[in-house]
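*Asks:* These are the residues of each chain, in order.
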Amino acid sequence: MSTIYILWLRQLKRYFRSRARMIGSLGQPLLFLLALGFGFGPVYQKAGGGNYIEFLTPGIIAMSIIFTAVFSGIEIIWDKQFGFLKETLVAPVSRMEIMIGRTLGGATVATLQGIIVAIISFFIGFRLENPGDLLFAVAMMFLIALLFTALGTAIASVLEDMQGFQLIMNFLVMPLFFLSGALFPLSNLPGPIAIISRLDPLSYGVDGLRGILINQSAFGLPMDFLVLGSVLVILLAIGSYLFSRIEI
Amino acid sequence: MEDDIIQVKSAVKIFDELAAVDNITFDVKRGEIFAFLGPNGAGKTTTIKMLTTLLAPTSGEILIDGNNVEDDKNAVRKAFGIVFQDPSLDDELTAYENMYFHGVLYKVPKAIRNARIEQLLKLVELWGRKDDLVKEFSGGMKRRLEIARGLIHLPKILFLDEPTLGLDPQTRNYIWSYIQDLNKKENITVFLTTHYMEEAEKVAERIAIIDHGKIITVGTAAELKKQTNTATLEEAFLALTGKKIRDHEGSPVEAMRMHHQMWRRR
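For the record, the sequence lines run as chains A and B. According to numbering that gives the first Met the number 0, the residues represented by the first sequence are 0 to 247, in order. According to numbering that gives the first Met the number 0, the residues represented by the second sequence are 0 to 265, in order.
For the record, the hints were derived by calculation from the structure and aren't laboratory data. Take the hints with a grain of salt, since some may be wrong.
Coverage of chain A stretches by chain B, computed from C-beta distances (three or more under 8 Å per stretch; other residues unrestricted) [stated by the list, open to error]: (1) 88-101; (2) 160-167.
Where chain A lies over chain B, by a calculated footprint (3+ residues, C-beta under 8 Å) [said to hold, decoys possible]: (3) 46-57; (4) 82-88; (5) 92-105.
DEER-style ranges, computed between Cβ atoms [to be verified]: (6) B/Leu-132 with A/Gly-190: 53 to 59 Å; (7) A/Glu-159 with B/Asp-180: 37 to 43 Å; (8) A/Arg-20 with B/Asp-131: 16 to 22 Å; (9) A/Arg-20 with B/Leu-17: 22 to 28 Å; (10) A/Leu-241 with B/Lys-201: 39 to 45 Å.
We put the beta carbon where it would ideally sit given N, CA and C, even for glycine.
The shape of chain A in the complex, shown without the other chains (with noise of 0.2 Å):
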């Protein structure tokens, strides 16, 4: 227990010290809400989608979540030759732990990072039907945190330099991103769309997070639970398994 709290610990202690990374990873998701939200907003609503920048804010919220978290869990590259992490694997502590442990603070990070989003939003026009939603969506969002941090750490896990960090951003992040209807309706889609688009596993974090936060969801909130929930399991199965067999 004190393993993973330790290591929890240490993710947020270097996330509240690095000001100027937080910051920085504000620019993206600020910029896509802005351009976005504004640029699309008056087509939106003529085509009569209503208000575009409600309809965008969980989806720029997910957004935020996903890169942190995946470069969260990506970030162990690193850490395995240079960091901690290399000193945490000769302690008399088990695997399973420090997995454990990374994995819930990469994944807290991030769902702070989806907070802060959602507050920026409030400046700019989003407005909640039940504030006490606000609870519900933090933990929607700490869920779509610890999935995307648990890939991050599978993959992180059999890379052996930064090389394939590129090829990890645009053929999977930015996919998963683009195609989960975190920036469109996901009902009408052409068909190929239509179908990529229910394989993501973000798009029902989208849908939940829209469905919790603007009550509008197209796959019903149980059903985001159940997928985000059950992919969550295999991938930290996954996930650990490749840790365990971490050589450095």
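With chain A held as given, fit chain B onto it using these hints.
*Replies:* The following block gives chain B in isolation, referenced to the frame of chain A:
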């Protein structure tokens, strides 16, 4: 208690059909300072990784303080402290936090943890900087902190993988005299690798020379010089391992190491 704290019997490690460590057998006595020398790519780091449970030997048996590195990992891990070739401190944490986290990982009881951190930080003369972030430290300060950290759980063995690489002569001298002191007072066994022959000659009681994954010879510096009929350990080393420069393929880790150094040098 057995006399040999490290026992390696016919250890082999094969990567992709290539034997990085090819059937090595040696013992390190309790309380000894033992140097492990060899050219680049000779198998030094692979051996240390096997001794410290990071890599499982392909075959053979390794006992650390009587415990098998494959079967009793946790008992083995409690028995040693290590300073890696690459820095393994958390730069975003303070010196104290690095010590504290390590103490928690090694389950050092709360009641004595703080006192021991204070004692060790004072010993390496970093107590005054305990609340500074490690990223503000010089290379020598980081090394000292790593040594202090490696000692917090009172290990019986200290592994040092090129601990003085890239440090100035003053710091190197300080670190070695500190390690010798520790070895005498606390009876800690020290297992070290280095490229600086004069350091090995000065501090190590016995020296093993490894090349191409095999141990060529083990003995005191005087024995090695006598055996090769040379005047210095460096000459003895060259006589035993040849003068050919070793070109080994760059690994991803080395590419990262270069990046890492570039970033650190600012």
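*Asks:* The structure should be examined with respect to each hint, and the outcome stated for every one.
*Replies:* Status of the hints after comparison with the structure:
no., hint, in the structure
1, 88-101, "holds (count 5)"
2, 160-167, "holds (count 3)"
3, 46-57, "holds (count 5)"
4, 82-88, "holds (count 5)"
5, 92-105, "holds (count 8)"
6, B/Leu-132 with A/Gly-190: 53 to 59 Å, "holds (54 Å)"
7, A/Glu-159 with B/Asp-180: 37 to 43 Å, "holds (39 Å)"
8, A/Arg-20 with B/Asp-131: 16 to 22 Å, "holds (20 Å)"
9, A/Arg-20 with B/Leu-17: 22 to 28 Å, "violated (40 Å)"
10, A/Leu-241 with B/Lys-201: 39 to 45 Å, "holds (44 Å)"
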